[in-house]
Amino acid sequence: MAKERKKIEFQKVDDLPPMVQSQRSMAANPTGSWRNLKPVIDLGQCIQCTICWKFCPDAAIDWVDDNPVINLDFCKGCGICAEECPKKCIAMVKEGK
Amino acid sequence: MKKVMMGNHAISHGATLARVQVIAAYPITPQTQVVELLSEIVADGKLKAEFIKVESEHSAMAACIGASSAGARAFTATSAQGLALMHELLHWAAGARLPIVMADINRAMAPPWTIWTDQNDSLSQRDTGWMQFYCQSNQEVLDSVIMAYKVAEKVLMPVMIVLDAFSLSHTYEIVDLPDQALVDKYLPPFDYKYKLNVSDPHTYGGLTTPDWYMEFRVKMQEAMEQALGVIKKEAVEFEKAFGRRYDPVEPYMVEDADIVLVTSGTAASTARFAVDQMRQKGKKVGNLRMRLLRPFPFADVREHLKNAKKVIVVDRNISYGYHGIWAQEVKSALYGHSKVPVFNFIAGLGGRDIFPETFVNIVNQVKKMKRPDQELYWVEVKR
Amino acid sequence: MKPTLPLEELMSPGHLACQGCGAGIAMRTTLKALGHDTIFTFPACCWTVIDGPFPYSCLEVPLLHMAFEATAATASGIKAAMNALGKDKTTICGWAGDGGTFDIGLQALSGAAERNDDIFYFCYDNEAYMNTGIQRSGATPYGAWTTTTPVKHFKKELKKSIDDIVAAHKVPYQATASVAYPEDLYKKLLKAKDIRGFKFIHIIAPCPPGWKARPEDTVKLARLAVQTGIFPVFEVDGGKYVQTMKTPNRKPVLDYLKLQGRFKHLQESDVADIQKMVDTRYAELEKRFQGC
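Protein chains in written order, with the working numbering: chain A, 1 to 97; chain B, 1 to 383; chain C, 1 to 292.
The reader is advised that the hints may include incorrect statements.
[Claimed, not checked] Here are the in silico distance ranges between beta carbons for each label pair:
#1 C:Lys264 / A:Val93: 26 to 36 angstroms
#2 C:Asp194 / A:Val69: 48 to 58 angstroms
#3 B:Glu380 / C:Lys170: 27 to 37 angstroms
#4 B:Asp247 / C:Pro6: 55 to 65 angstroms
#5 C:Tyr142 / A:Lys88: 29 to 39 angstroms
#6 A:Lys88 / C:Thr147: 55 to 65 angstroms
#7 A:Phe10 / B:Trp113: 41 to 51 angstroms
#8 C:Gln135 / B:Pro111: 49 to 59 angstroms
#9 A:Asp62 / C:Lys191: 27 to 37 angstroms
#10 C:Gln135 / B:Met369: 28 to 38 angstroms
#11 C:Pro6 / A:Ala91: 36 to 46 angstroms
#12 B:Pro188 / A:Phe10: 24 to 34 angstroms
In case anyone wonders, no lab produced these hints; they're calculated from the structure. All C-beta atoms in this analysis are idealised placements derived from N, C-alpha and C, irrespective of residue type, glycine included.
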């Protein structure tokens, strides 16, 4: 299932399907702009428990090569990962300007 | 094969021949025989269909919407309060572009409770986007169910088959049941291009901003406009296949008529009988039966009323604070095209009988007037 | 450590859920259990908006949006069609909020349960009509502030016992779940997938704006709801009650209530009342867990 980032633009009535039918993924909508705080993971302390990954409501943590990687395009900065981390090795830091 | 049957059973047989795949219905007098016979037909294995015994009419339409969205041919039937309960979802089925077919047995709205016929229930739904076919015989009812699926699946808009309570639903007439093989040839299986499909997943009916909502509504109107042409073409195709012809309107002796009655449902057959009687007395009267409410056959109405000196629309319904609904539709179609005076008579509400004499009296009353001096005239009301 | 749930996502990021949305976790976990051969229908609810506007969607499975009251009936219709079309292996799910389940959707739910239609019915419960701006529902607990139960008239009615209502229909399978215990939900769904008939899954899904709680506390609240006995997590499999997340030393309800602004106005006596209500209900359930 490709998660295309393409934005779709319709030009006119005849471009549309007969009824409201989705055409593309919401992966075209980078919700990273929502956050004020961003999670920073100290991989040195991380025990790869997968807890942060499983609780993210936005599927914005990827599990890559046995490590969590925050997808900053989409992370809304809710802080659940930091709160649930058993090692408390995720810091929520203020977004830079 | 010719059989004697009630209108409700004509619906059941029509749905069976149309090979409906999902039926979801809730009983209401006088529709109950439709679903009772269908239950038997399904139980006997004569129709391979899933029959959901829903717990309300709103759920009946919801289940039909779910089923049709998944690509199955869906069917339901109801009346009056049941149709009114479905109202929200009638808008939904049309907006979702689902070719659902429903039979509405015209029953008068409560309060007070009534089980007899008038047309307020179906006419109140005329803005929802459903096509509406008004029938005058059990043969027409059965044939209409089959035609309805053909048309609906071509243009992707739902269809309501409308028939009078008791005068048609419970009246036994001779009906010719076409061969299943002939029907299969005329009506292929439903192949819905936009069905819910795990191999090609989409979301249907999502939030749509003012940027695009209107364009989708344009498409619905265009589908209805296209439907008029499709219905006319299918009338010819159906006649070729089955030998019976159903045009959007049915003119009777209108070409040289001074006064033309405009009627629908079983009242139209009574009107034709009265026309014959009046013609024998030398009165030049005609009748125009309205079969199609939506899409409205503007051109046909203008054409068949162009020679009339007076038009009398006899409505078995009323829009309170205005007048009869068919009269509104006809007047609006004639505006700018004809200055013929249109008289509106309201008759037969709540199932009160309409007799041939009713029409004779109406015509006599109108003969005395140059133009209407009231917005509407009540027929045979006890004062 | 290996992830306890499949890695594959059937839900993309970029959706419109609030920060810390419990309903987001619920859907994500559910999709991992049910997989691609699944069709959803939603009523009007938060997820109507979360999925995204036309022409986008965040789900990788087909979804039919439908009217508010109609979830269970719509799902029944989809299932009937899929059976008629010979596609009876596909899992059909109604996915509704508490409004569309406890209140306006209750009739359709009861009808489908009574008919034992072969569908999943999920209720993600954030305890109020959140999508329309936090108005009270039949699922709103005693004591809660909502916009229609302001502080001076906080909700005095008890939360409707939807699990008992569904159980009265004698459905083959029902369960409660919490977004704090995704593995428990996952396991239940894998089992339930193979059960034919009506399956009801009631998931507590905390809502930061509606509960006036910090977004980062969503999972903590979903855990405390269970640990205090306020939202016991169990399943009823063929009529047999089994508590799947055991709570031997229940925490005091205050631990849960104090983290939510919607309970801020409660007096000590109110909290004591709530404790008593929870204890009574929990004792009732305990009897069923013990097979009585």
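Against the structure, the hints:
1. Checked against the hint of 26 to 36 angstroms, the C-beta distance between lysine 264 of chain C and valine 93 of chain A comes to roughly 29 angstroms, which is consistent with it.
2. Hint check: aspartate 194 of chain C to valine 69 of chain A, Cβ distance near 35 angstroms, so the stated range 48 to 58 angstroms is violated.
3. Range check, glutamate 380 of chain B to lysine 170 of chain C: about 56 angstroms between beta-carbon atoms, so the 27 to 37 angstroms window is missed.
4. In this structure the supplied range 55 to 65 angstroms holds for aspartate 247 of chain B paired with proline 6 of chain C, their Cβ-Cβ distance being about 59 angstroms.
5. About 35 angstroms separates the C-beta atoms of tyrosine 142 of chain C and lysine 88 of chain A, a value consistent with the hinted range of 29 to 39 angstroms.
6. The hinted range of 55 to 65 angstroms is not satisfied by lysine 88 of chain A and threonine 147 of chain C, whose Cβ atoms lie roughly 36 angstroms apart.
7. At roughly 50 angstroms, the beta-carbon separation of phenylalanine 10 of chain A and tryptophan 113 of chain B lies within the given 41 to 51 angstroms, and the hint holds.
8. Between glutamine 135 of chain C and proline 111 of chain B the beta carbon distance is about 31 angstroms. The supplied range of 49 to 59 angstroms is therefore violated.
9. Distance hint for aspartate 62 of chain A and lysine 191 of chain C: a CB-CB separation of about 29 angstroms, consistent with the stated range 27 to 37 angstroms.
10. Between glutamine 135 of chain C and methionine 369 of chain B the Cβ separation comes to about 57 angstroms, which falls outside the hinted range of 28 to 38 angstroms.
11. At roughly 29 angstroms, the beta carbons of proline 6 of chain C and alanine 91 of chain A sit outside the given window of 36 to 46 angstroms.
12. For proline 188 of chain B paired with phenylalanine 10 of chain A, a C-beta distance near 31 angstroms keeps the hint of 24 to 34 angstroms intact.
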